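> Protein sequences appear in the order of chains L and F. If you're matching positions, the first sequence starts at 1 in the numbering used here and goes up one per residue. If you're matching positions, the second sequence starts at 495 in the numbering used here and goes up one per residue.
Since the hints were made in silico from the structure, they are not lab data. Predicted model only: the values in this text are computed from it and were never measured. Built from N, CA and C at the ideal position, the CB exists for glycine as well. Keep in mind that the hints are not guaranteed to be accurate.
Listed next, with one range per pair, are the computed distances between beta-carbon atoms [said to hold, decoys possible]:
no.: 1; chain 1: L; residue 1: R192; chain 2: F; residue 2: T558; range: 56 to 66 angstroms
no.: 2; chain 1: L; residue 1: R286; chain 2: F; residue 2: V560; range: 49 to 59 angstroms
no.: 3; chain 1: L; residue 1: R192; chain 2: F; residue 2: K549; range: 42 to 52 angstroms
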Amino acid sequence: MTVTGRDIRVVSPSELPEQAASWLDAGHRLALVAGHDDGPHLRAVYLFTSPRPPQRVELHVILDAAHPTVPSLAALSFPAGRFEREMHDLFGVIPLDHPLPRRLVRHPHWPAGWYPMRHDSGPAPSFDQTVEPYPFVTVEGPGVYEIPVGPVHAGLIEPGHFRFSVVGETILKLKARLWFVHRGMEKLFQGRTPAEGVHLAERISGDSAAAHALAFSQAVEDALGLEVTPTGQRIRALLVELERVYNHTTDLGALANDVGYSLLNGHAQAIRERLLRLNHSITGHRLLRGSIGPGVTRLNRLPDPDQLADIAADISELAHLILASTTVRDRFTGTAVLNQAQAEDLGCLGYVARASGLAGDARLDHPTCDEVPDLVGHGQGDVLARFLVRRDEIAASFELIGRLHDLIDDLSPPDATRHPSDPERRSGVGIVEGWRGTITHRLEMSRGRLTRVKVVDPSWFNWPALPAALADTIVPDFPLANKSFNLSYAGNDL
Amino acid sequence: MSAAGIAGTVAQVGTVAGGAPGVIGAMRQVRARLEGRAGPGAAQPYRDLRKLLTKEQLVPEGTTVVFSWAPAVIAAAALVTASIVPLATLGSPMDQAGDLFAVVGLLLMGTVALILAGLDTGTAFGGMGASREATIAALVEPTILLAVFALSVPANSSNLSVMVADTTRHAGHVLSPAGALAFAALVVVVIAETGRLPVDNPSTHLELTMVHEAMVLEYSGPKLAVIEWGAAMRLTVLLGVIANLFVPWGIAAGRGGALDVFIGLVAIGAKITVAAVALATVEVFLAKIRLFRVPELLAGSFLLALLAVTASYFLVGQPG
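With the hints as extra help, turn the sequences into a complete structure.
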């Protein structure tokens with residue numbers, strides 16, 4: 001299938017709110033906002049996407065480098081407000097009339113007025129400069145107290161600071177302070193060739209190596225007009241499904257572990273290990289690295305269908321056993337509910353959205369492969385729904401893998417070639433349904449080198465949903481609720 | 495009071511003090527094996543204690559004598575309990591102190607010391623753990639009192655040694671509806687009291703779900719070692735008391751000699767091991783209940799204890 005064309009429009013800052021509103025009203029989703037430093041001027045790119053038929057619209061706004069300002073879209077879309085804060089932190093583009101013009105991704109130890117993504121930003125300044133205060137909203141009242149947790153935790157998890165305002169055991173408010181792992185990923189891409197860039201893409205979030213590599217490769221192929229063979233697309237889809245299965249299986253066990261049911265976590269870890277070894281045997285890497293690149297798809301061998309069926313049966317039994325415990329069901333049911341309106345307003349993606357009754361899935365909405373999975377959904381929005389979505393998605397993935405397996409006839413399909421009728425574009429977009437949700441990459445190239453890569457991991461959209469879901473949840477249920485979202489810190493904070 | 499009794503009590507305390515980490519280690523090892531893990535071996539708690547004892551002692555700023563003395567109080571309370579309850583011998587010289595109310599009071603003293611220490615740190619976790627522990631303790635202690643009281647009715651004494659001695663002569667006194675109800679109630683409260691599943695997860699790393707672990711988060715080095723050791727002794731003593739209340743056979747009689755005391759030690763060791771393995775085995779198949787369900791569980795066990803007391807008065811077996 002060919003990638004649908006993009007509609008690129010250059011608009012003035014004053015036209016932006018009206019244009020954006022009309023696309024959002026027409027059912028488009030704001031998939032990505034990226035700042036660009038073109039030297040003499042800055043440029044903001046707003047990417048809107050819509051499913052069935054797949055459509056992509058880009059609004060480009062040229063900004064004055066000395067006084068870059070854009071009218072804020074925060075009133076139209078919650079994610080837009082967060083993208084604007086990110087763009088301000090990285091490029092110094094000021095969103096006018098923004099309701100919350102505070103820092104988002106830039107650590108308070110970095111000096112004001114230093115914008116790391118500008119071409120003249122220079123090396124990162126040392127951290128010993130003035131520290132901007134980080135005001136937490138103080139909840140006051142009789143019996144209200146605060147519990148600060150992290151950023152260093154007791155377990156081996158990524159760094160994040162959580163501040164709970166609590167009465168008794170009930171959470172009144174949770175503030176999640178993230179952004180402790182900013183690696184400057186997007187800047188690292190700049191100046192590299194696409195073949196080098198894919199190694200970075202695989203490391204954006206370690207558990208989503210295949211999906212990020214695929215989104216990056218799709219964006220490069222879109223920019224260069226490369227056409228991947230149908231077999232190549234099927235192999236790619238197979239790899240992304242294998243990634244989904246091993247991660248969802250880990251989560252099924254981790255959710256059981258967080259209610260103290262470590263027996264079944266042990267079984268889940270054993271199944272995960274079998275899946276990782278399977279990954280290693282078919283791609284040469286346990287985390288599926290190195291199989292997908294721009295225009296390139298490689299597989300050492302196809303997975304054995306009997307072995308897959310075996311693993312699928314074990315996972316199905318595992319999920320059954322977890323839910324057979326009444327205590328586990330009691331802990332899962334009605335815990336940390338994210339209702340459909342909240343999920344829609346926050347722009348949630350992936351299993352979080354599908355557990356709250358939303359139907360988005362890039363495999364169906366922006367298909368690149370001729371085989372698509374059955375859509376899975378549950379509407380309750382609680383921990384149980386997120387568990388069930390994972391369980392059902394594993395089954396759907398195995399079913400899809402079975403169909404793909406029968407259709408893949410060549411393990412090393414020829415590298416993608418330039419479509420003769422397609423002129424070379426300077427920019428490209430890749431949209432992939434990773435296991436956490438829709439991953440979007442947008443990149444620009446010049447003379448065979450990457451000049452700007454913007455990455456949006458689904459965690460970026462889903463993080464604000466966690467505090468929203470925790471209203472009226474009790475403190476000891478937080479780890480369980482957090483695990484049911486299982487958001488990436490590294491994918492969120494590039 | 496006999497020389498053998500004194501020697502028996504000393505041996506009893508020594509066995510509890512030395513064997514308690516092994517009980518914890520055995521439970522963890524059983525659990526690991528049942529979950530399909532290799533496990534570190536039953537001796538791991540000893541290695542942990544040795545490691546902690548050689549580590550630097552860190553004291554949080556602003557803490558007071560409450561924080562620094564709590565480990566000693568906990569360990570001392572557990573040691574005194576071990577000396578007055580009938581585990582290996584009925585001939586303890588501290589027999590007169592072995593009263594049901596004294597034992598419950600000693601257990602509560604350790605709990606309160608830890609709760610105060612948790613509060614003394616001034617951290618959110620210490621306070622959170624202390625608040626949860628206080629809620630659980632307030633529900634657990636009356637149940638222990640009531641359940642053991644039900645068992646004391648047939649023996650006409652609240653002295654634990656007299657009760658145990660009575661059971662050795664009249665097995666029917668515990669093989670009764672009152673005994674069964676009291677047993678069920680005691681098992682539940684011992685699980686809650688010692689922080690085991692499904693009330694508290696002793697192996698969790700999730701700070702926000704902790705009860706016992708949250709209170710000891712600020713402890714390090716030798717003081718942490720003493721707390722861990724005290725908690726292990728507490729579990730061991732509780733398991734031993736329950737075992738002897740219901741299955742007292744093997745315990746050395748008041749006038750027994752050295753051989754009887756030795757047999758008593760072997761017997762109580764076996765009983766505690768069996769009870770610990772059983773507890774660990776059941777734990778494997780349990781998930782942790784929601785915190786707000788814990789009072790319901792404990793209220794249920796209190797009701798069982800109350801029924802046990804009632805039954806012990808009304809359902810009196812035929813004398814014989």
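> Against this structure, judge whether each hint is valid.
Here is what the structure says about each hint:
Between R192(L) and T558(F) the beta carbons are some 58 angstroms apart, a value that agrees with the proposed interval 56 to 66 angstroms. Distance hint check: the CB atoms of R286(L) and V560(F) are about 50 angstroms apart, consistent with the given range 49 to 59 angstroms. Between R192(L) and K549(F) the beta carbon distance is about 47 angstroms. The supplied range of 42 to 52 angstroms therefore holds.
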